[in-house]
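Spelled out, the chains give:
There are 4 protein chains.
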Amino acid sequence: MKNIYVEELVHTPIESQRIEIVERKGIGHPDSLADGIAEEMSRAISREYLRRLGVVLHHNTDEAQIVAGRANPYFGGGEVIEPIYILLVGRATKKFNDIFIPTDKIALKAAKNYVKNYMRYLDPESDIIFDIKLGEGSTSLKEVFKKGVVPCANDTSFGIGFAPLSETENLVKNVEKRIYSEFRKKNPAIGEDVKVMGLREDNKITLTVACAFISENVRNVEEYITLKDELGKWVKDISHEYTEREVTVNVNTADDYEKDCVYLTVTGTSAENGDDGSVGRGNRCNGLITPGRPMSMEATSGKNPINHVGKIYNLLATQIASDCYEVVEGIREVHVRILSQIAKPVNDPKALSIQIIPEKGHNVEKMESKVRTVAEQWLDDTSKITEMVINGELETF
Amino acid sequence: MKNIYVEELVHTPIESQRIEIVERKGIGHPDSLADGIAEEMSRAISREYLRRLGVVLHHNTDEAQIVAGRANPYFGGGEVIEPIYILLVGRATKKFNDIFIPTDKIALKAAKNYVKNYMRYLDPESDIIFDIKLGEGSTSLKEVFKKGVVPCANDTSFGIGFAPLSETENLVKNVEKRIYSEFRKKNPAIGEDVKVMGLREDNKITLTVACAFISENVRNVEEYITLKDELGKWVKDISHEYTEREVTVNVNTADDYEKDCVYLTVTGTSAENGDDGSVGRGNRCNGLITPGRPMSMEATSGKNPINHVGKIYNLLATQIASDCYEVVEGIREVHVRILSQIAKPVNDPKALSIQIIPEKGHNVEKMESKVRTVAEQWLDDTSKITEMVINGELETF
Amino acid sequence: MKNIYVEELVHTPIESQRIEIVERKGIGHPDSLADGIAEEMSRAISREYLRRLGVVLHHNTDEAQIVAGRANPYFGGGEVIEPIYILLVGRATKKFNDIFIPTDKIALKAAKNYVKNYMRYLDPESDIIFDIKLGEGSTSLKEVFKKGVVPCANDTSFGIGFAPLSETENLVKNVEKRIYSEFRKKNPAIGEDVKVMGLREDNKITLTVACAFISENVRNVEEYITLKDELGKWVKDISHEYTEREVTVNVNTADDYEKDCVYLTVTGTSAENGDDGSVGRGNRCNGLITPGRPMSMEATSGKNPINHVGKIYNLLATQIASDCYEVVEGIREVHVRILSQIAKPVNDPKALSIQIIPEKGHNVEKMESKVRTVAEQWLDDTSKITEMVINGELETF
Amino acid sequence: MKNIYVEELVHTPIESQRIEIVERKGIGHPDSLADGIAEEMSRAISREYLRRLGVVLHHNTDEAQIVAGRANPYFGGGEVIEPIYILLVGRATKKFNDIFIPTDKIALKAAKNYVKNYMRYLDPESDIIFDIKLGEGSTSLKEVFKKGVVPCANDTSFGIGFAPLSETENLVKNVEKRIYSEFRKKNPAIGEDVKVMGLREDNKITLTVACAFISENVRNVEEYITLKDELGKWVKDISHEYTEREVTVNVNTADDYEKDCVYLTVTGTSAENGDDGSVGRGNRCNGLITPGRPMSMEATSGKNPINHVGKIYNLLATQIASDCYEVVEGIREVHVRILSQIAKPVNDPKALSIQIIPEKGHNVEKMESKVRTVAEQWLDDTSKITEMVINGELETF
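If you read the protein sequences in the order shown, they are chains A, B, C and D. By this note's numbering, the letter at position 167 of the first sequence is numbered 167, and the numbering carries on one by one without gaps. By this note's numbering, the letter at position 290 of the second sequence is numbered 290, and the numbering carries on one by one without gaps. By this note's numbering, the letter at position 79 of the third sequence is numbered 79, and the numbering carries on one by one without gaps. By this note's numbering, the letter at position 98 of the fourth sequence is numbered 98, and the numbering carries on one by one without gaps.
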């Protein structure tokens, strides 16, 4: 049975609420950078444990701290004056059965590679100082992940997920993702630090986009304005793929041309000049910050994917919610919460709550067995989450 | 008018939901320690700015990173083997009108004092290495807070609040607070790192308490068990002041006496051995983590209390919700969300949403003008939030 | 036999050379601060090893790095704006026979205590950031010091000593020591960072004294000038106790009153504002820098006093030289050099060279057996050096 | 006249002394690595100042601290387990006439490039953590170097030089240099950390060579022994180019094959495992440590080449000594010492002492005018030292 609770949730569906606020911090936002680096470290360490030992050992790399640098961007140029400082923090098992695993070095390389792969103008070798403090962890928490053995929960903690995304949520998420993957690729002046804030007031959606520009690739304020307008129009255009509501788009609203105040960066991220960043303070594992929705405070990025329920249960709850919504007819919204019991197998949570807002004319009681089956199947196969994480098939922020 | 939206929220009230999960990380939890230090630094810097200049200058100290140490606790003794490392991170204005303000030194002292005041067995001079990286911040964000002038929002961001606390929320919050302020004072073996996880399944509440013991003050495992049982009973006893529901209390459930696995610490915090901590990853500004409730991801602690809407709006929304609930009859639950517009006065938000679940027989439309008045009065006096923060009258975690 | 070489040195005796340059960096000079902290750490760790285990384990703490801070001194006040940063570096054995020794904590406390004891106005808690990086050392170098067992040399290295001090050397050393112990005690405006440079041109000695003043205790430039003159006269007065040569004293020669350029400090050391410091770059173990004399490059401070020949042989050579001069008649100058063989007992050096400039009418050959006896006795009892170091009876800089 | 003192030195010439000790720490020795990095930073910063501003601004980068890592070498393989940590320390002028110069970034790049260029198996990106702390320096020391203007001495300090090198000195220096440039190039198993200690006892020279091997390139202990023997023979062979005295060569004398104790490294430097390093503690600017010769304690590497007399006077004294020896007939040995006066032009020292041991039958008085001319010419052109340093034409360690 596994303590699965299914209930109807009486709740104004998100689309029917008058006000909805949704935020997404893009890839180059200092908090997202911290998340991405943290997760990349864990993946690299996990893979190396598997390669060397055939098992994944205890580790957590979920506490990178980014300390902003100083930069001097100007139209057509600029440079980093004081490098960004990134402290890589966590625990790892460095010796196992007399075999050393150089976790510091693996983590360091992973962090640098992440920056190389995701940021075009931020050079991990000269724009960033990396420091690393990976402790050995407390021995009692050292758990080994082996095929076929279900690991035990590291803590009393919980995970949260819901489905489906609302229109505004979907819009905000896709706008940032497509600026990164499409608009940025065609426009070398667009940086990676893009924050999208969505406000829906009834049927009117306002998107506030804060987008770092690359100073070297913008010759003057006229070019800046032109491209900014273009970005605004492009966002408005693609918005119609996600909503029929009226969409207003504002880009870089704090600009003040008379005071020469525009959003220029040398490297594409505001971490170059005054914005610190930290793991777990940005997007939840569905890629969004959604204050009107259930959320977990647990940082999903960087935690070990074996027995850290703060990570696994967030991803698991999101998968269960998503599958329920896909598989079971009549669901309007579904919320999933999973609470662990420390030292009990991760597939045996203290409680797994599924709350459903049904479509009109549908009955939650009738859905219960199907929904329960989805949950049970996932609980039977929590190691799939672990594998997907290690293989990079699940996003964590 | 100020963009205030009032609407009825159709929602299963929290008390009527079948499952409720509530968590509170106590004062000595690594994440709370980071929060407390971050907030203390901001307060100390604010006060010093006021003392020297009569105004508060731009600063943010919301990114302390705690890297766990190593300790060697055993019944009757133990010691810290490798100090905890705490990196104090943020921005501050260090020179103003040719006057130097030694913000690094002020922050360092504040952090050490905080530890001295809140942790009995953690010596900030020998158990902790403090390092500090306070940058100068980007010039355009340097804002001055003067009596009578409304500062402008530093960012596009939002804050969240709700009222009243549910029974379980109230219970969880008070259990931790009273273990700290009452039980701990009478029992020198009780540490400051106490995490309380509350699970309500219908009318059955399970409290899972993880409580660090002070190794020096517990002579053997028998004493440990006795005190643990006593704590469990005491918690159960005081629970009846907050709820008539059935309450089960579990303390340190991961203990395994046969393996000598108990929750002993030298210093009262798990940061001494393997648990890192970070600002903004624990309690929201109402002191709780409530996945079933609207929450903001913004760290409230350590942000400047003048124009950082990530801080001010969380505190403001919580005050407005609380006042509405107190002042206006017929409210069962009220949720408040405030969205800023960057560079606009903080008392002129983009949207202030008030969602109300009314008591049966009450009508939200009739409450609207009163509720609106409460919100408007607070917006007229946002500087009161600033003052309360600086004076230490508002908790931030 | 022990490879002891005695020979006559034909050399213009130091007093007969036309030019002699001698320097002493006082207690508060950044390099001396680094030396003092390094040595205090080693002593504290050695004592703790003895207390806990009855033996001294392998360690070296000879690499403290001081990074200057920023300060804002002015007549009558001032403050440290950015703390000094001190990185404590070295190796130590942290676990021995399953007993943990908290060497980081011991070293940290020792460093802070040293500052408290030797610097009146430099607060180790708020004016300095201490960080610590003590590694575990390479296993093969881990040696245990036990009563009665002669440890083996850690390296191929050498030590140097000579006797007696020349008049100018004696003068320079005593001037600094007495400014610290006498003049400073009566004059609260005198700091600890005092550098004395002595130049003897034939029979004319010029002492250039750079002396940090404590800004809080000097009200104005007139007071500064008065005290500076007083210091100059006092130095000149006491000089006659050490020499009959003509002595000229210059104090703070870079002062430029018109440009308000005087040597004021808040804390008594120039490390507060721009002067970094490092172990082993200042005084040799006889307390002086003497370019006209044989010198070793080995830092004596902070090295382990058991088998680090870079430390022991410098101290030993100085003791042997001094004893030879005292005990054996007819010596004008004596130079001692000792070269180790790695992995051979420290009392069995590769070569111990004693070079003697005899007084007129004396014959080195006749001195040889006595001199050899002095050297052999010391070699028979090298552990005495170890004990004296641990007990703080030997200065190392 | 410039305070030039010429005198005869009555002294047993170095070649006639019975015992001579000479040491050279090779390129890959941790202290030399620190020196090399420090000097490279200063050169790169100087060049960048020149490129951007046409002048060299105040800076000093003479305090790099290397904290050893951990490595796991074995025959045929091995890896760095914990990276080496290098803290780059100093001062630089970061803003001049409103132009920013990114000195941190320049220094960081220079340090990494240095490692890349001089160490084959030490990867600056994954084997080393670089941190940087470059302060702004005290304003009064900020001096600008312009063509044609003689800068003023930054301090009261002195420099030392002598000529010629003794046979043993020459031998020790060349043995290390040729192992690096010749033997290492042909033998991929030879590392860069080579220390040569020379002991001359009358006409018998013993060279003790400590040479790190590259573990990946040595398959087993037999190969190790073979190559070690080969190195010993090679050194003995080339020794005859420098001396006719009997030369004995010992390589890695601490090896103990039974205990599997050999000098293997992954990266070619002992800094990978337990040996810290620091600027200014190794070779003097002539590339040697010569306890029987006059030496200065000043670190030559990393100091600014404009007005830091601790650097310039060491290089200058060495040049003057060398030129005197070349140009003036009848010199057996010449020692040069230069003492500065703070705030006076660097070409106007307080004293420049030239001490000469003449060849038999030669008279120092007759040499005086020629020798004086050499010194005066160099003093007239101290900026040549600056230029040679910036162009990398002068070695500093």
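Calculated directly from the structure, the hints in this document are not laboratory data. Because the structure is a prediction, the values reported are computed rather than measured. Check the hints yourself; a few may be wrong.
Claimed, not checked - Per the computed footprint, the stretches of chain C lying under chain D, defined by three or more beta-carbons under 8 Å from a beta-carbon of chain D, are:
| id | segment |
| --- | --- |
| 1 | 84-94 |
| 2 | 110-119 |
| 3 | 214-223 |
| 4 | 322-334 |
| 5 | 374-385 |
As the list claims (entries may be wrong) - Interface residues of chain C toward chain B, partial, derived using beta-carbon atoms under 8 Å:
| id | residue |
| --- | --- |
| 6 | Phe100 |
| 7 | Ile129 |
| 8 | Asp131 |
| 9 | Glu182 |
| 10 | Lys185 |
| 11 | Pro188 |
| 12 | Glu246 |
| 13 | Val249 |
Said to hold, decoys possible - Under the rule of at most 30 Å between Cα atoms (straight-line distance), these lysine-lysine pairs were calculated in the DSS-like manner:
| id | chain 1 | residue 1 | chain 2 | residue 2 |
| --- | --- | --- | --- | --- |
| 14 | C | Lys133 | D | Lys228 |
| 15 | A | Lys109 | B | Lys133 |
| 16 | C | Lys109 | B | Lys116 |
| 17 | B | Lys133 | A | Lys344 |
| 18 | D | Lys94 | A | Lys259 |
Where a beta carbon is used, it is the ideal one built from N, C-alpha and C, also for glycine.
Against the structure, the hints:
1. For the segment 84-94 of chain C, the stated coverage by chain D holds: 5 residues have a C-beta nearer than 8 Å to a C-beta of that chain, and at least 3 were required.
2. Counting residues of the segment 110-119 of chain C whose beta carbon lies closer than 8 Å to any beta carbon of chain D gives 0, which falls below the threshold of three, so the coverage claim is violated.
3. Check result for the segment 214-223 of chain C against chain D: violated, 0 residues qualifying (beta carbon to beta carbon below 8 Å, three or more required).
4. Taking a C-beta to C-beta cut-off of 8 Å, the segment 322-334 of chain C contributes 0 residues in contact with chain D, too few for the three needed, and the coverage statement is violated.
5. For a cut-off of 8 Å, the count of residues in the segment 374-385 of chain C with a CB near a CB of chain D stands at 0, and the three-residue condition is violated.
6. Against a cut-off of 8 Å between C-beta atoms, the interface hint on C/Phe100 holds, since the closest Cβ of chain B lies about 5 Å away.
7. Restraint check, C/Ile129 versus chain B: the minimum CB separation of about 6 Å is within 8 Å; hint holds.
8. The closest approach between the C-beta of C/Asp131 and any C-beta of chain B is roughly 6 Å, which is under the 8 Å cut-off, so the hint is satisfied.
9. A least Cβ separation of about 32 Å between C/Glu182 and chain B goes past the 8 Å threshold, and the interface hint is therefore violated.
10. Because the smallest distance between the Cβ of C/Lys185 and any Cβ of chain B comes to about 27 Å, over 8 Å, the interface hint for this residue is violated.
11. Annotation: C/Pro188 was flagged as interfacial toward chain B, and the flag is violated, the nearest CB pair being 22 Å apart, outside 8 Å.
12. Given the 8 Å rule on beta carbons, the hint for C/Glu246 is violated: about 45 Å separates it from the nearest Cβ of chain B.
13. This hint is violated: C/Val249 has a C-beta 35 Å from the nearest C-beta of chain B, more than the 8 Å allowed.
14. Of the supplied pair hints, the one linking C/Lys133 and D/Lys228 is violated, its CA atoms being roughly 34 Å apart against a limit of 30 Å.
15. Note on A/Lys109 and B/Lys133: the hinted pairing holds, with a Cα-Cα distance of about 24 Å set against a maximum of 30 Å.
16. Between C/Lys109 and B/Lys116 the CA atoms are separated by roughly 17 Å; this keeps the pair inside 30 Å, and the hint holds.
17. With a C-alpha separation of about 41 Å, the suggested pairing of B/Lys133 with A/Lys344 is violated against the 30 Å cut-off.
18. A C-alpha spacing of about 25 Å is found between D/Lys94 and A/Lys259, which places the hinted pair at or below 30 Å, so the restraint holds.
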